[in-house]
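Work out the full structure: start from the sequences and follow the hints.
Protein chains in written order, with this note's numbering: chain A, 1 to 82; chain B, 1001 to 1165.
A portion of the hints provided could be inaccurate.
[Claimed, not checked] Distance condition first, Cα-Cα at most 30 angstroms in a straight line; then the derived DSSO-like pairs of lysine-lysine:
| # | chain 1 | residue 1 | chain 2 | residue 2 |
| --- | --- | --- | --- | --- |
| 1 | B | LYS1126 | A | LYS68 |
| 2 | B | LYS1125 | A | LYS68 |
| 3 | B | LYS1041 | A | LYS69 |
| 4 | A | LYS38 | B | LYS1122 |
| 5 | A | LYS48 | B | LYS1125 |
| 6 | B | LYS1150 | A | LYS61 |
| 7 | A | LYS33 | B | LYS1125 |
| 8 | B | LYS1138 | A | LYS21 |
| 9 | B | LYS1056 | A | LYS48 |
| 10 | B | LYS1150 | A | LYS68 |
| 11 | B | LYS1122 | A | LYS68 |
| 12 | B | LYS1126 | A | LYS73 |
| 13 | B | LYS1041 | B | LYS1056 |
| 14 | A | LYS73 | B | LYS1056 |
| 15 | A | LYS69 | B | LYS1154 |
| 16 | A | LYS68 | B | LYS1041 |
[Unchecked claim] Covered, in the sense of this in silico footprint (three residues per stretch, anywhere, with C-beta under 8 angstroms from a C-beta of chain B), are these stretches of chain A:
| # | stretch |
| --- | --- |
| 17 | 15-21 |
| 18 | 26-35 |
| 19 | 45-59 |
| 20 | 64-73 |
FYI, nobody ran anything at the bench for these hints, they're computed from the structure. Here the structure is a predicted model, which means the values were calculated and not measured. Note that CB positions come from ideal geometry on N, CA and C, so glycine has one too.
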Amino acid sequence: MKSTREFYHERAKTTIISAYKLSQTELDLIKEKIPALKHVELVNVIDKGIIGGIIIQHGSKVMDFSLKKRLEKLRNIMYENL
Amino acid sequence: MENLGIDFKLMVAQLVNFGLFYFIFKKFISGPMNQLAEEEKRKEADRESALQSLKKSEALISEKEAALKQKIQKEADELMKKAKAEAEKAKEAYIKEAKAEAEKLISKAKEQVQEERQKMEKELKKEAIDISIALINKALGDYLTDNIQKDLNKHILSNLSTKAD
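Rendered as structure tokens:
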């Protein structure tokens, strides 16, 4: 299994980062929801640090739906309201 | 006359002698002596006059000295009064300036204390936020079982189409 760093540098493939290993059904659902990924190989990388949710990295584009990101946003909002 | 024992010739000679003596005495002794006495008298008068004049001058000088002393004293008093007034004014100005400076320092110190307090409060709040986020992180880590994770992902993927657009 390749490390997270290696996967981040492979721009040809699309990386799906999740807190647990995604099933093929879930990967297919991602392909179904995002037509641009239909003919692209999806590589699942497990990173417990994201807490929950998924991060889709397609080339230079990153879609972050992780709980870690949400918590960071929440923290930033709270910082701004100090 | 001869019977009286008077010799006329002798008497004439004596008269001539007396006249001669009188002339010489008057010419060479009495005259210069009188002149000398007059001269001395005149000098004495001059000295007396000079003395009087000196005394008058001395009195005048004393008066002038007293007046001058009075004037100097008056001027010195005025100068002293003026100097005291100026010193008082300068003292008041220094006190005022010192008070203003002290107030400025106190105000600055208060501002600094306030700033420090606000900064500390902000830091404390930030720390509280960080701790809260860390606790949520930890709690979520403990709470999110595989099934909940799957449900969460299902929920995310169901909303994905609109977000991906």
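Open item on the list: If you test the structure against every hint from before, which numbers come out violated?
Closed with: 3, 4, 7, 9, 14 and 16
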